[in-house]
Amino acid sequence: MLRKLTRIAVWCGIAALGALSLATIAFRRGESINAMWLVMAALCTYAIGYRFYSKFIAAKVMTLDAMRATPAERLENGRDFVPTNKWVVFGHHFAAIAGPGPLVGPVLAAQFGYLPGTLWIVVGAVLGGCVQDFVILVMSVRRDGKSLTEMAREEIGRIGGLVAFIAVLAIIVILLGAVALIVVNALKGSPWGTFTIAATIPIAVLMGVYLRHLRPGKVLETSVIGFVLVLASIIAGQGIAHSAFAPWFTFTAPTLAIAIIAYGFSASALPVWLLLAPRDYLSTFVKLGTIAILAVGIVALRPTLHMPALTRFIDGTGPVFAGKIFPFAFITIACGAISGFHSLISSGTTPKLIQRELETRLVGYGAMMAESFVAIMAMIAACVLDPGVYFAVNSPAGIVGSSATSAAATITSWGFPVTADQMAALAKSVGEQTLFNRTGGAPAFAVGMAHIFSHTLGGEAVMGIWYHFAIMFEALFILTILDAGTRVGRFMLQDGLGHVWKPLGRTSWYPSIIATSAIIVGLWGYFLWMGVRDPLGGINSMWPLFGIANQLLATVALCVATTIIIKSGKARYAWVSLAPLVWLVMVTFTASYQKMFNPNPRIGFLAHAESLAKQAIQTGETSRLIFNDRLDAVITGALVVLVVMVLAESVLEWARVVSGRKEATVSETPFVQTRYSEAE
Amino acid sequence: MRECILRAGTTMREAAKVVLAALREIFDENAYARFLAAHGMANSREAYAHYLRETNHARERRARCC
Chain W
1 MLRKLTRIAV WCGIAALGAL SLATIAFRRG ESINAMWLVM AALCTYAIGY RFYSKFIAAK
61 VMTLDAMRAT PAERLENGRD FVPTNKWVVF GHHFAAIAGP GPLVGPVLAA QFGYLPGTLW
121 IVVGAVLGGC VQDFVILVMS VRRDGKSLTE MAREEIGRIG GLVAFIAVLA IIVILLGAVA
181 LIVVNALKGS PWGTFTIAAT IPIAVLMGVY LRHLRPGKVL ETSVIGFVLV LASIIAGQGI
241 AHSAFAPWFT FTAPTLAIAI IAYGFSASAL PVWLLLAPRD YLSTFVKLGT IAILAVGIVA
301 LRPTLHMPAL TRFIDGTGPV FAGKIFPFAF ITIACGAISG FHSLISSGTT PKLIQRELET
361 RLVGYGAMMA ESFVAIMAMI AACVLDPGVY FAVNSPAGIV GSSATSAAAT ITSWGFPVTA
421 DQMAALAKSV GEQTLFNRTG GAPAFAVGMA HIFSHTLGGE AVMGIWYHFA IMFEALFILT
481 ILDAGTRVGR FMLQDGLGHV WKPLGRTSWY PSIIATSAII VGLWGYFLWM GVRDPLGGIN
541 SMWPLFGIAN QLLATVALCV ATTIIIKSGK ARYAWVSLAP LVWLVMVTFT ASYQKMFNPN
601 PRIGFLAHAE SLAKQAIQTG ETSRLIFNDR LDAVITGALV VLVVMVLAES VLEWARVVSG
661 RKEATVSETP FVQTRYSEAE
Chain F
1 MRECILRAGT TMREAAKVVL AALREIFDEN AYARFLAAHG MANSREAYAH YLRETNHARE
61 RRARCC
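Residue numbers (this note's numbering), protein chains in the order written: chain W, 1 to 680; chain F, 1 to 66.
No lab work stands behind these hints: they were computed from the structure.
Hints should not be assumed to be uniformly reliable.
Stated by the list, open to error - Short derived list, chain F residues pointing at chain W, Cβ under 7 Å: (1) Cys4; (2) Ala21; (3) Ile26; (4) Ala42; (5) Arg45; (6) Arg53; (7) Asn56.
Claimed, not checked - So, partial list: chain W residues that the calculated Cβ filter (under 7 Å) puts toward chain F: (8) Val88; (9) Gly91; (10) Leu220; (11) Cys335; (12) Ile345; (13) Arg487.
Said to hold, decoys possible - Result set (PhoX-like, lysine-lysine): computed pairs, CA atoms no more than 20 Å apart in a straight line: (14) W:Lys570 to W:Lys60; (15) W:Lys218 to F:Lys17; (16) W:Lys55 to W:Lys86; (17) W:Lys570 to W:Lys662; (18) F:Lys17 to W:Lys86; (19) W:Lys570 to W:Lys188.
As the structure is a prediction and not an experimental result, all values here were calculated from the model.
Glycine residues also receive a C-beta, built at the ideal position from the N, C-alpha and C atoms.
With the hints as extra help, turn the sequences into a complete structure.
And the structure:
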């Protein structure tokens with residue numbers, strides 16, 4: 001009894017602390033607040049969400065069964081299906097879902113102030129993202145680890161499967177174009193950054209050779225060596241930037257774009273062990289380590305947020321990207337709150353490692369909470385900067401002007417004071433020539449992270465090292481995604497083309513490898529090139545396009561989840577996935593409509609094309625920009641049409657089952673009792 | 001007090017073990033160990049090359065999230 005009362009008191013305390021923290025960040029105006037309020041609000045909400053909401057879903061909606069054997073147990077083969085410790089699977093799943101998205105999205109959304117983004121990251125994750133990852137994981141576990149597209153085909157229908165396939169391919173292409181643009185914007189005119197990132201290529205190759213020929217299988221040891229070499233290259237980069245070699249590593253955005261496209265093509269055709277695998281290990285090592293030290297840095301420094309709770313740009317006139325809070329804050333913060341891409345991981349490797357069905361709650365729901373917390377840290381990193389500095393870094397030259405003086409004057413006129421001298425001093429402290437117009441989110445995150453780290457470890461003197469460490473950390477992620485994503489896209493394309501002409505489906509046939517690699521690289525390379533040549537910085541159109549594609553994939557995943565819940569005879573609990581689905585439909589469809597048809601040229605693709613067409617002087621460049629705008633509008637429209645088809649097919653299926661015209665059955669693998677229960 | 005410290009030490013050791021196991025799984029060291037055990041092979045260049053050949057298919061198709 002006493003224990004029960006203590007438990008109730010503890011949870012009441014957590015709820016009260018969470019409510020106080022949320023009230024503080026929501027209602028405090030006109031004065032700076034400490035970042036710990038965001039941390040406390042997030043942690044308390046996650047704790048309540050995990051303890052009560054995920055438990056409710058596990059017990060009532062998914063009815064997790066401790067006695068049911070998982071595919072890892074039934075189909076154990078020591079290769080794909082391996083019963084694994086729950087914390088190990090948690091780490092594995094988190095490492096697979098965490099990428100640059102939760103870092104970049106919140107930094108961009110910080111233009112509205114810290115409040116909208118923070119609330120969406122926390123609430124969106126607990127009620128949407130965590131739910132999606134968790135239920136899709138359970139559903140895949142109950143279907144021998146089937147993928148999202150297979151489940152869509154079986155439970156919704158053929159259209160669902162086809163749309164999921166096309167949506168996945170589209171999202172991969174758009175994602176790769178958007179993240180490649182972030183790297184280009186971070187590295188343009190930066191010999192230090194470019195040298196460091198270029199050095200990761202021979203380091204990865206060296207790791208591959210070391211791992212294969214000198215110390216076979218010693219991946220952790222090899223990753224530590226790779227990490228030390230990367231740190232050395234960051235320090236060497238500082239020397240390079242101030243030496244006669246600097247011009248060798250100083251490139252414009254178009255040159256960097258061509259280099260990255262060439263890299264993407266060659267990397268996807270090289271043997272896996274030589275570049276992809278070691279780079280993946282290195283990137284994971286740096287990712288896990290950096291996220292951990294960023295958390296420690298924030299708690300140790302407890303920085304003050306200089307960004308206001310809400311900025312004037314909630315009216316949709318923001319320089320980072322145009323559009324109002326609704327819907328654009330919700331598609332900009334993609335992976336930090338809810339991400340369709342996660343459903344691919346939840347129905348990929350992870351379900352084949354789950355040892356007990358009950359563990360899906362920790363892995364699916366819990367790992368997404370950790371990802372959401374990474375997004376909170378990114379929000380803090382962006383908001384510890386002076387707002388003037390934040391906008392100077394993130395605003396494109398097309399809006400604030402290309403000279404330092406005009407940019408500083410424009411940003412100051414918005415009510416966010418900043419001077420050219422202040423920016424020059426900051427650029428010098430991080431070893432860059434300029435920090436103006438560094439759109440894309442990565443440089444702003446790097447400056448914020450360097451600020452936090454330099455105040456907790458090493459002081460101002462090492463600001464440049466930390467800045468370039470952060471840039472390297474993000475670029476390493478992104479180059480890994482480019483390489484891996486190109487391969488995944490290539491295989492998907494080969495699978496599809498194999499139905500047209502069999503040899504094209506043979507993954508070891510070199511002409512097919514070259515042709516399909518070229519198609520995938522050409523597609524994302526086109527988006528990258530479009531972004532690089534965009535006078536508004538590219539991110540304004542690319543990131544929302546990626547956000548829309550990603551959230552539309554989440555819509556498909558939630559359609560699958562709702563269909564399965566209804567078909568399992570649990571229609572009364574369908575709101576668990578239906579509520580986030582309805583919200584996502586509202587957000588993505590509104591965003592898509594606005595990106596296509598909004599009369600403001602900074603928001604609507606077609607309005608922008610129209611405004612360019614009306615210009616007195618028309619060049620080849622103008623025609624290309626007009627074509628790109630129309631292409632973006634067509635892609636957005638096509639994605640929406642596809643998702644409408646899945647929605648319609650799903651709703652019809654729900655209606656048939658609920659009205660009793662169709663029997664409520666699902667294609668779950670038959671129950672087999674676990675042997676682990678006997679061991680207990 | 002002493003008991004409390006000992007218990008904390010045990011918990012820390014257990015936590016470290018789990019972290020190390022997670023790292024070994026994430027970095028595929030466990031997968032390689034399982035491969036060696038399943039094939040009755042000892043660690044060698046040839047065994048690792050064999051393991052890489054067998055796992056390439058899955059590794060190449062493994063999606064990384066954004």
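Here is what the structure says about each hint:
Among the interface hints, the one on cysteine 4 (chain F) is violated; its C-beta lies about 19 Å from the nearest C-beta in chain W, farther than the 7 Å criterion. For alanine 21 (chain F), the interface hint holds, since its Cβ comes within 7 Å of a Cβ in chain W; the closest pair sits about 5 Å apart. The beta carbon of isoleucine 26 (chain F) is positioned within 7 Å of a beta carbon in chain W (closest approach about 5 Å), and the interface hint is therefore held. For alanine 42 (chain F), the interface hint is violated, since its Cβ never comes within 7 Å of a Cβ in chain W; the closest pair sits about 10 Å apart.
For arginine 45 (chain F), the shortest C-beta to C-beta distance to chain W is roughly 5 Å, which falls under 7 Å, so the interface hint holds. The interface hint given for arginine 53 (chain F) is broken, as the beta carbon of that residue sits about 9 Å from the closest beta carbon of chain W, more than 7 Å. Nearest Cβ of chain W to the Cβ of asparagine 56 (chain F): about 5 Å, under the 7 Å cut. The hint holds. Contact between valine 88 (chain W) and chain F, as hinted, is supported at the beta carbon level, the nearest pair being about 4 Å apart and thus within 7 Å.
At about 3 Å, the closest approach between the beta carbon of glycine 91 (chain W) and any beta carbon in chain F falls short of 7 Å, and the interface hint on this residue holds. Hint on leucine 220 (chain W) holds. Least Cβ distance to chain F is approximately 5 Å, under the 7 Å limit. Hint on cysteine 335 (chain W) holds. Least Cβ distance to chain F is approximately 6 Å, under the 7 Å limit. Interface restraint check for isoleucine 345 (chain W): the shortest CB-CB distance to chain F comes to about 6 Å, inside 7 Å, so the restraint holds.
Satisfaction of the interface hint for arginine 487 (chain W) is found here, the shortest Cβ-Cβ separation to chain F being roughly 5 Å, below the 7 Å cut-off. For the given pair, lysine 570 (chain W) sits about 9 Å from lysine 60 (chain W) by alpha-carbon distance, which is consistent with the 20 Å threshold. Proximity of lysine 218 (chain W) to lysine 17 (chain F) is assessed by CA-CA distance (about 18 Å); at most 20 Å being required, the pair is judged to hold. Between lysine 55 (chain W) and lysine 86 (chain W), the direct Cα distance comes to roughly 17 Å. Compliance with the 20 Å bound is thereby established for this hinted pair.
In summary, the hint linking lysine 570 (chain W) to lysine 662 (chain W) is supported, as the alpha carbons are separated by about 15 Å, within the 20 Å threshold. Under the criterion of a C-alpha separation no larger than 20 Å, the hint pairing lysine 17 (chain F) with lysine 86 (chain W) is consistent with the structure, at around 13 Å. For the proposed pair lysine 570 (chain W) and lysine 188 (chain W), the alpha carbon gap of about 54 Å is over 20 Å, so the pair is violated.
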